[in-house]
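Chains as they are written, first to last, in the working numbering: chain V, 35 to 417; chain W, 2 to 601.
Incorrect hints may appear among the rest.
If the Cβ cut is set under 10 Å, some of the chain V residues that face chain W in the computed set are [as the list claims (entries may be wrong)]: (1) T82; (2) T249; (3) A286; (4) T292.
If you're looking for bench data, these hints aren't it; they were derived computationally from the structure.
Note that beta-carbon positions come from the ideal geometry of N, C-alpha and C, so glycine has one too.
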Amino acid sequence: MKKILRRAAVTSVATLAILGLAACSTAENSSAGSADGTVYFGVSAAQTGQYAQYGQQFKEAFDLAVDEVNANGGINGQKVALKYEDSQSDPKQSVAVAQKFVGDSDISLVFGDYSSAASIPASPIYTQGKLLQYGFNNSNPDFTAKGSDYQWSTSITTTASYVWTADYIKKQGVNTVGLTYLNTADWGIPAYNAFKDEADKIGLKIVDAEGVLDTSDDYRPSLSKAVADSPDAFVHIGYGPDAAKIVTQLRAIGYDKTFYGGQDEQSFDGTPDAAGSVIGAQFIETNPDPAVAKFVAAFKAKYPNETAVTSFEAGAYDALYVAVAAAKAGGATRDGILKGFQELKDVPSVVYGTISLDPTTRRVQSPQLTPTILTDGKWVAES
Amino acid sequence: MIDTLIAGLLRGNVYALGAVGISLVFGVMNVVNFAQFSFFGLGAILAWFFVAELGLPFWIALPLVLVICAGLGLVINISVVRPLAKYLPLAAMLSTYAVSQILDNVSQIAFTAQFQVFPKVLPTSNLQIGNMRFGTSDVVMLGTTAVIMVGISLFLKYGKLGRAIRATSQDQEAALQMGIPVGLVQNVSFVIASALGGLAGVFIALYVGVANPGSGLNIGLTAFVAATLGGLGSLVGAVVGGFVLGILEAFGIHFFGDTARQIIVFVVLIVVLIVRPGGLFGKVPLLSAEPLTGTFLGKGRPLRIPRWVWPAAFVVLGVLVPVFANNYILTTGTQVLIYAIIAAGFTVTAGQAGVLALGQAGPIAIGAYMSAVLTLYLHFPFWVALPLAGLVSAIVASILASPIWGVKGHYISIATLGLGIAIVAVIQLVFPQGIYNIPVPEFFGTPLSTPLAYYLIDFVVLVITLVIMWRIRGSHLGKVISSVGADEVAALASGVRGRNYKALAFAISAFFAGIGGSLLAHQYTYIDPTIFTMMMSLLVVTIVILGGINLPYGAVVGSIILIGAMELLRFTPELRIIVYGLVLILVVRFRPGGILVRKS
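Extracted from the complex, chain V is given alone in its bound form (with noise of 0.2 Å):
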């Protein structure tokens, strides 16, 4: 008996190694378009691991997106359907995924990934595999500016968002600012170095500035350290988890002057404490404009339990309708959508009203925010 069992645990382990070794023995396919008839984009993004909830709020509107698309013709008949993968936005598994995807002669276009630090390492795949790489949430400028031709992006960049950021506060009569950053290589530090060069130049005072990491949970020693000299404001360049925490911090250390930071994100609008919060959106919720309500409309219809629609799910949403958009104007193969994205203009979009394309930047042309101000757990335009 128990040599049996023995022999049953060897045999299971060399199945087990085996079947890793042929991880992915689907055969690659070779022949040009989807069998179907069917147009498949990819989604590259977490839907498990530390960045899962933006994954899963990317697929809330991908999915409504693609419902929509479809029940109004699709792509000249043709319908849409996506591809996901999971790559925990970890870099080890985004190339595997890229190569996935390169090899999938069905996929005409990638979305994703979600972190820069997990689109750059995956971009060279896409590039000698001539499959666009959508970054649609990718804000580091060297996405697109180190990239190729075939890396696309219709997120604000970092820099455009923190130059206005650092204008619209010298406006306010501000002089002087506590500041912290996400000390990330991707995101926080070219976010801030952007913020910093700006307010140089107009004269907006840095009084302390702290590099914070979005994975601590006590900031109270930084804050209580960048508003030691009473600063008129506080500015915090990150994420909206973070931002919750460092808003409840700072209003339990007693300081309570304007925060300028935080994000359109469930954790940060629910936060009491960041009541009056100031930011320079692309999308807010209650916007009038008749495309944001019928998108936001459709969206709480679809998903009942969703208390907000955020930024991250508007800029899913309309990354659809681009890569849709792209797929009409040049044809639904790999080369149709890329020579479709160099001519893109006005797309209708929830996020900038439309959305044009700059075909040497591969940006939207000119990006518009607006001041908004988080009033009863939503974002409003400032009057």
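Fit chain W to the known structure of chain V by using the hints.
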């Protein structure tokens, strides 16, 4: 200054609660329990669910969270940890890692990955000392901790079961002989530890205001350091370690910034361990065996492998895969090969010298950055940069690790884990931005950037690595290193300077880690510090433990399973991590000494 002190106390409070749980389990079971990390995240998200979603009063939610965590702890201990700890503490450690992956992902499926706003159940800033405001909430937390700590110490001192816990923690064999029900004691300890983990999680949520299922990892790591700082197995030590770490961290951040947090934590730890190798309150036994050494080899069941398997494997991996595989398999294969190279090199440290170092991400990062800088800025060819990256990594890592080698047992694991994290943190200070456009390897001017080229390069490097490892094992030097691992005391008695050979083994491992880092950097063509995480270090260790800690080619098998299986499980994205965890537990159950084991 007083505000920084208060911040440190509040922070230390959470660490202390976590550290007591970790120390308790370590004391009675000799297992480093990674599942404890998950209880922080679970406690936080459960408290959010009861209070914010179900609308229960906080004072009902709190005991509910404790009961659920305690119950889960019992189930985990009975079903996974205890059966495996019978074989090897190391097997149990690997299984607690698997359990934590499962717990995190089940709670992510149940509660979604969203960061949730934790309602303000108590005022957080209604009181003031000096400039520092704090709230009833903070006072309640400190008070609760104080009551619990006093309660636990009275229980340990006077309670019958408490005394049994202390006895088991001092000497398990003797306790068994005296008729103490060790099984029961271990279950009770695990239950207490899990409940304390959950409580610490609730406090985190109260304190920071948001909760998320995966939020336990970072705070868990620091609590782990606190337990080590205090002395593993010592409860007083855990409490003191928690508060000391919290306060030092607060002042460190005040003076050097949050970025330096990890450097501060680990520099404190390493300094304390050098001065007091058993932590502040722990005892260092005169004769202390490393967790991986000595009689343990006898417990593994060797797998006899016929000779023809080796040439067959060589042909399959080196000829058949490159000829028949598509690019996706080749790309996954390069990841497998790179980790196999790193892990095979690591078997000298883990298997031969018997040191379970945990911070391999450090030397990997050194290699990657070195290679990137040499080729990108100094225009070295890849083929020169590759060995140089290994060499620099070996030199730097062994210099940095040199003070550690007097430390023993599990302490060395934590110290090296800290070293790895600190190295990456320092690299981040030097290169705050990512490095782009790292040149691809070239062969007489032809760029070798296809998946096939990367695969073949990595395969050749792996073969060379295995040959070198085989030569080292067969050499006199290898035998001396093995003697340190097999029986350090006997080796010392024979005039072998154990410390030096451990350092040498670590340098050899760091060399291959650096090579692996260089290969990764040139394939990604982009690196930044977020790539070299603690998870990367854990992956290297789990590959080695899984494959067979002693055998370099075991690392290849471990790498195929741990990295290949993640890709294989793509057919079930929702359950991927959970299935991965279960597979890991099953493999550990049936091959507790690793899949391939050297004949003892």
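We went through each hint and held it up to the structure:
1. T82: 5 Å, holds
2. T249: Holds, about 5 Å.
3. A286: Status holds, d = 4 Å.
4. T292: The hint is violated - V:T292 has no Cβ within 10 Å of chain W, the shortest such distance being about 18 Å.
Figure legend: structure checked against the earlier numbered hints; the only hint not met is number 4.
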